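Q: Using the sequences and the accompanying hints, generate a full structural model.
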Amino acid sequence: MERSFGVVAGSGALVALVVAYRRQRVDEDGALREATRLHTERFTAAVSQLGDSSAAVRLGGVHAPVRARRRRPHQGAPPGIDVLCAYLGALEGGGVGVCRLDSLG
1 MERSFGVVAG
11 SGALVALVVA
21 YRRQRVDEDG
31 ALREATRLHT
41 ERFTAAVSQL
51 GDSSAAVRLG
61 GVHAPVRARR
71 RRPHQGAPPG
81 IDVLCAYLGA
91 LEGGGVGVCR
101 LDSLG
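Residue numbers (the working numbering): 1 to 105.
Because the hints were derived from the structure by calculation, they are not lab data. Be aware that one or more of the hints could be misleading.
[Stated by the list, open to error] Label-pair ranges, simulated between beta-carbon atoms:
1. V8 with R33: 31 to 41 Å
2. A31 with G60: 20 to 30 Å
3. F5 with R42: 53 to 63 Å
4. A35 with G10: 29 to 39 Å
5. R42 with R3: 54 to 64 Å
6. S11 with R33: 25 to 35 Å
7. E28 with A86: 40 to 50 Å
This one's a predicted model, so the numbers in the text were calculated from it and none came from an experiment. Backbone N, C-alpha and C fix where the C-beta goes; we use that ideal spot for every residue, glycine too.
A: This is the structure we're talking about:
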């Protein structure tokens with residue numbers, strides 16, 4: 001009788017552990033999706049600012065990818081830096097190598 005109680009208790013603990021693990025994974029995946037969504041929204045807003053008619057708004061769009069790189073320097077250049085370099089290259093007449101990543105951050 002005591003042995004069967006131990007088996008049932010052990011099985012219950014194992015099930016609880018698996019459920020807790022799965023719940024943690026789902027929560028982590030949700031947090032990653034939310035962070036990705038926020039990053040995408042900010043990136044889209046910054047890129048759209050580059051085409052604005054106001055110089056002040058365009059300047060804000062230029063600063064956004066630079067701030068993103070400063071927040072995550074260990075991850076290398078974010079895609080925003082590529083967009084910023086392409087934008088600056090278009091302003092300079094399409095020249096390649098207009099911007100250097102080490103000068104931006």
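Q: Run every hint past the structure and note whether it holds.
A: Results of checking the hints against the structure:
1. Checked against the hint of 31 to 41 Å, the C-beta distance between V8 and R33 comes to roughly 38 Å, which is consistent with it.
2. For A31 and G60, the Cβ-Cβ distance of about 28 Å falls inside the hinted range of 20 to 30 Å, so the restraint holds.
3. At about 55 Å, the beta-carbon gap between F5 and R42 stays in the expected band of 53 to 63 Å.
4. For A35 paired with G10, a C-beta distance near 38 Å keeps the hint of 29 to 39 Å intact.
5. Judged by the Cβ atoms, the range 54 to 64 Å given for R42 and R3 holds: they are separated by roughly 59 Å.
6. For the pair S11 and R33, the beta carbons lie near 33 Å from each other, so the given range of 25 to 35 Å is met.
7. Between E28 and A86 the beta carbons are some 34 Å apart, a value that contradicts the proposed interval 40 to 50 Å.
Of the hints listed earlier, the one the structure fails to meet is number 7.
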